Amino acid sequence: MGQLLGRLANWYQRRQQLQQSWLKQRYVALDIESAGLDPARHQMLSIAWLSINPPVMHTGSAQYHVFSHGQQLELGQSPTIHGLTQQDFLHSSEPKQTFAMLSRALTGAVLVCHHQGMDWRFLKYAEKQYGVPFKPLAIVDTLAFEKKRFDRRQQILKDKGQLTLSACRKRYNLPDYEAHHALTDTLSCAELFLAQAYSLQEPDLTLAQLSKLA
Amino acid sequence: MEPQNFLQDCPPFDELQAEQRQWAVSQLQSVYMNEQNCNDILKEMRPALFIVRSGAFDLRGSDGRLIERLESGDLFGYPSLLTGREIVNKLKTIEDGIVYVLPQSAFDRLRNASKTFEQYFIRAHGQRLLTERRSEHDGGSDDWTEQAVSEVISKAPVSLTSDTNIGAAAKLMSEHSISSVLIVDDGQLVGILTDRDLRNRVIAAGLSYDVNVAAVMTQLPESVEETRPLLDALTLMTANNVHHLPVVNSNNEPVGMLTATDLIRQQRSEPVYLISAIRKADSRAKLVEEAEKIPDYLQTFANRVKRTTVVGRLMASLTDGMTRQLIQLYEKDYGVAPAQYSWLAFGSQGREDQTLSSDQDNGLLLANGLTDKQQAWFKGLGEYVCEGLHECGIPLCPGNIMASNPDCRGTTDQWLERFKGWTQSPTPKALMYCQIFFDSRAVVGNGKFYQQYRDQVAKLAQNDMFLGNLAILVNRISVPLGLFNRFRTEDTDDGDTIDIKRYGIALINDIARIYSLQAGLTTPNTPARLKALESSKLLNRRDNQSLLEAWQFLTQLRLNHQLTVWGTDKPKNALDPDELSTLSRRQLKSAFKIIKEAQQGVGLKFSRQGY
Numbered sequence: 001m002g003q004l005l006g007r008l009a010n011w012y013q014r015r016q017q018l019q020q021s022w023l024k025q026r027y028v029a030l031d032i033e034s035a036g037l038d039p040a041r042h043q044m045l046s047i048a049w050l051s052i053n054p055p056v057m058h059t060g061s062a063q064y065h066v067f068s069h070g071q072q073l074e075l076g077q078s079p080t081i082h083g084l085t086q087q088d089f090l091h092s093s094e095p096k097q098t099f100a101m102l103s104r105a106l107t108g109a110v111l112v113c114h115h116q117g118m119d120w121r122f123l124k125y126a127e128k129q130y131g132v133p134f135k136p137l138a139i140v141d142t143l144a145f146e147k148k149r150f151d152r153r154q155q156i157l158k159d160k161g162q163l164t165l166s167a168c169r170k171r172y173n174l175p176d177y178e179a180h181h182a183l184t185d186t187l188s189c190a191e192l193f194l195a196q197a198y199s200l201q202e203p204d205l206t207l208a209q210l211s212k213l214a
Numbered sequence: 001m002e003p004q005n006f007l008q009d010c011p012p013f014d015e016l017q018a019e020q021r022q023w024a025v026s027q028l029q030s031v032y033m034n035e036q037n038c039n040d041i042l043k044e045m046r047p048a049l050f051i052v053r054s055g056a057f058d059l060r061g062s063d064g065r066l067i068e069r070l071e072s073g074d075l076f077g078y079p080s081l082l083t084g085r086e087i088v089n090k091l092k093t094i095e096d097g098i099v100y101v102l103p104q105s106a107f108d109r110l111r112n113a114s115k116t117f118e119q120y121f122i123r124a125h126g127q128r129l130l131t132e133r134r135s136e137h138d139g140g141s142d143d144w145t146e147q148a149v150s151e152v153i154s155k156a157p158v159s160l161t162s163d164t165n166i167g168a169a170a171k172l173m174s175e176h177s178i179s180s181v182l183i184v185d186d187g188q189l190v191g192i193l194t195d196r197d198l199r200n201r202v203i204a205a206g207l208s209y210d211v212n213v214a215a216v217m218t219q220l221p222e223s224v225e226e227t228r229p230l231l232d233a234l235t236l237m238t239a240n241n242v243h244h245l246p247v248v249n250s251n252n253e254p255v256g257m258l259t260a261t262d263l264i265r266q267q268r269s270e271p272v273y274l275i276s277a278i279r280k281a282d283s284r285a286k287l288v289e290e291a292e293k294i295p296d297y298l299q300t301f302a303n304r305v306k307r308t309t310v311v312g313r314l315m316a317s318l319t320d321g322m323t324r325q326l327i328q329l330y331e332k333d334y335g336v337a338p339a340q341y342s343w344l345a346f347g348s349q350g351r352e353d354q355t356l357s358s359d360q361d362n363g364l365l366l367a368n369g370l371t372d373k374q375q376a377w378f379k380g381l382g383e384y385v386c387e388g389l390h391e392c393g394i395p396l397c398p399g400n401i402m403a404s405n406p407d408c409r410g411t412t413d414q415w416l417e418r419f420k421g422w423t424q425s426p427t428p429k430a431l432m433y434c435q436i437f438f439d440s441r442a443v444v445g446n447g448k449f450y451q452q453y454r455d456q457v458a459k460l461a462q463n464d465m466f467l468g469n470l471a472i473l474v475n476r477i478s479v480p481l482g483l484f485n486r487f488r489t490e491d492t493d494d495g496d497t498i499d500i501k502r503y504g505i506a507l508i509n510d511i512a513r514i515y516s517l518q519a520g521l522t523t524p525n526t527p528a529r530l531k532a533l534e535s536s537k538l539l540n541r542r543d544n545q546s547l548l549e550a551w552q553f554l555t556q557l558r559l560n561h562q563l564t565v566w567g568t569d570k571p572k573n574a575l576d577p578d579e580l581s582t583l584s585r586r587q588l589k590s591a592f593k594i595i596k597e598a599q600q601g602v603g604l605k606f607s608r609q610g611y
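From first to last, the protein sequence lines stand for chains A and B.
If you're matching positions, the first sequence starts at 1 in the UniProt record's numbering and goes up one per residue.
If you're matching positions, the second sequence starts at 1 in the UniProt record's numbering and goes up one per residue.
These aren't lab readings, by the way, just hints derived from the structure by calculation.
All of these numbers come straight from a predicted model, not from anything done at the bench.
Hints are supplied without guarantee of correctness; some may be wrong.
Under the rule of at most 27 angstroms between Cα atoms (straight-line distance), these lysine-lysine pairs were calculated in the DSSO-like manner [what the hints assert, rightly or not]: (1) A:K24 <-> B:K43; (2) A:K24 <-> A:K158; (3) B:K570 <-> B:K459; (4) B:K92 <-> A:K24; (5) A:K24 <-> B:K593; (6) B:K171 <-> B:K92; (7) A:K170 <-> B:K332; (8) A:K148 <-> A:K158; (9) B:K570 <-> B:K605; (10) B:K593 <-> B:K605; (11) B:K570 <-> B:K293; (12) B:K90 <-> B:K531.
Computed, partial: chain B to chain A, Cβ under 7 angstroms [unchecked claim]: (13) M1; (14) Q4; (15) Q27; (16) S30; (17) V31; (18) S54; (19) D58; (20) S62; (21) L396.
We put the CB at the ideal spot given by N, CA and C, even for glycine.
So here's chain A without its partners, still in its complex pose (with noise of 0.2 angstroms):
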């Protein structure tokens, strides 16, 4: 009963945030680089994450993890892609700590992802991996939110090329960063998606409404 009682009121307290402004919430943008596409084949090999109040990024703070996974070290694609060396293996983290630090992070905030889906993939293996719950309040897809901008505009996306981060990062005259490192990508995120709520120019835009968007 208490415990039914408590998810209700947390059911409660979350419809009640999703009714702010979209400026009033906190974000975790994150970023994860891994040897492959299927979360239960390949490695998470990098994670990084940084909490934004807008218009403020907390970019100092953010974190960035390597993994090493013991002996089982698997690069898969050439390891410039993901801008790891040997060399940052040497500081790697231990997953179970990262995890619980990332789970703290997520927790009455909005996840911030560009294309969330592989990210939240690995998010939900490493869950149930580690016994880490990760609740955010409510996902946003950069990607998906420029998909969306284009359908809104009649606009007709010629190629998927367009929705990369940099050629999404271009459209918003934000600088051109270098690709592929998680925690680059990060802040990169962390950018376009701050970019992208402000052009909408609807500062009383609810989380509920933003979140439809993307």
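Since chain A is already given, all that's left is putting chain B on it; use the hints.
Just chain B now, kept in the frame of chain A:
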């Protein structure tokens, strides 16, 4: 990796050691800045160092003037970090972007850790303060009018001796494809020969080409010293209506020739252009049309020049130009002047510290013994020109000191008689006239005719009793500083204001006038008077310099104020000291203190009663 890569190339972070820079990055926040949030960010995150990563933002002073366009790699917010002062500047977003924010605590730690880092900001802060001041008062950067004449003249001077014959002179001019040549005897400039001289005085007159150039050259032409700023040359050219100006060194030896084309080449949009447009106006309607452009033009000009005293001179030059043009237009309809005369500028136009709101102060100096018919010609001239100037936007003089008033059209004898009366029995009204009429300058007419008369006026002024009375008058007005050095403002409809013309600029003009009358100087311009007084025994160099600085500060402050209130019905000479920056307020107080001491100085030196 971002933002390390960026900071590595961004001074002064490039000077930090790698670990220090790494640490700096760990302290950073970044913001997505746009028009909706930029000023809130500034307000909420200060004190902090802001580093522009992308986008473009205009930093504007509290008065709205652009201080700096901030783009990728630019820093702002540090003056407030260094001084603890509030940020008064405002941002305007030109293009949205990312801005890094380094909080005060981190900034201070880096300052302590790295001397080069700290030095950078101290230097930058110094420069910034100057530009802040500059944009507050006179803005602008590149100012060609400040350039020395010697920087513009290129060709080595082509010269001849005065005993060369005209034919040889013309041949030499043609060989060098020049339109004028210097005539030099024994190293000294004795004359100038121009295309126009050859046309008018030789060909049209049917003169033999064997005659020496001495017969047809313009003798003892106006010249400019090579170290003088171009504006001086420009003023001389307009004042004398010449297109060629010999340039001499300090020994009066000719070193080159400056032409109007040289000046126009400097910049098309510059005053020469407006002045020459005025000169070309061939009807009163055209002239009025050109004159209407002056306020807008002056606004941009004032934003560009460093010393705003040039704005006062430019305004006087433009008024001179309009006056000359109106006189020519009058002559076109009524024939040339029937006798020798000078068109006189008094007051601010005479002193060349004219502003947009200065009204007309002018008169006519006429040759003695005119017939009624000749008098009528000059009466018509006075009325035509004053009315014309009024149409051109120079307000009529409420005190009726204008050439349209018969009292202001006098023969040499009549004017001298009036000056004699004023100086010998200085009634309050007479003294008031003196403050206007002693600041005179001939705008049109024979230079010698005016100068001879003016020398006589100068002699009349060297009268102790008269000067003593002027000194008493100057001391009747007390500067608006009260107890504890507070400003004493006047409660007006426009708030608590101080009239910086009446209590500042005019007092310095009055003080400089007394010293220069005593010294027998005939120049009306206050800075020129002070310069000429540098060797004076009565006014020591330090006080002289202080007065000049105070005058320059106040004229700048006034111009700045006038440009701000232009087009509104706010007072043009009165301002609210609370609206000034701390720096300007401090400067204004010290200007008033200088004036107060200078008043006491003239009181002691000139007035028998003593002060």
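Checked hints:
| no. | hint | result |
| --- | --- | --- |
| 1 | A:K24 <-> B:K43 | holds, 18 angstroms |
| 2 | A:K24 <-> A:K158 | violated, 36 angstroms |
| 3 | B:K570 <-> B:K459 | violated, 42 angstroms |
| 4 | B:K92 <-> A:K24 | holds, 24 angstroms |
| 5 | A:K24 <-> B:K593 | violated, 54 angstroms |
| 6 | B:K171 <-> B:K92 | violated, 62 angstroms |
| 7 | A:K170 <-> B:K332 | violated, 67 angstroms |
| 8 | A:K148 <-> A:K158 | holds, 14 angstroms |
| 9 | B:K570 <-> B:K605 | violated, 39 angstroms |
| 10 | B:K593 <-> B:K605 | holds, 18 angstroms |
| 11 | B:K570 <-> B:K293 | holds, 21 angstroms |
| 12 | B:K90 <-> B:K531 | violated, 40 angstroms |
| 13 | M1 | holds, 6 angstroms |
| 14 | Q4 | violated, 10 angstroms |
| 15 | Q27 | holds, 5 angstroms |
| 16 | S30 | holds, 5 angstroms |
| 17 | V31 | holds, 5 angstroms |
| 18 | S54 | holds, 4 angstroms |
| 19 | D58 | violated, 17 angstroms |
| 20 | S62 | violated, 24 angstroms |
| 21 | L396 | violated, 53 angstroms |
This entry does not satisfy hints 2, 3, 5, 6, 7, 9, 12, 14, 19, 20 and 21, going by the numbered hints stated previously.
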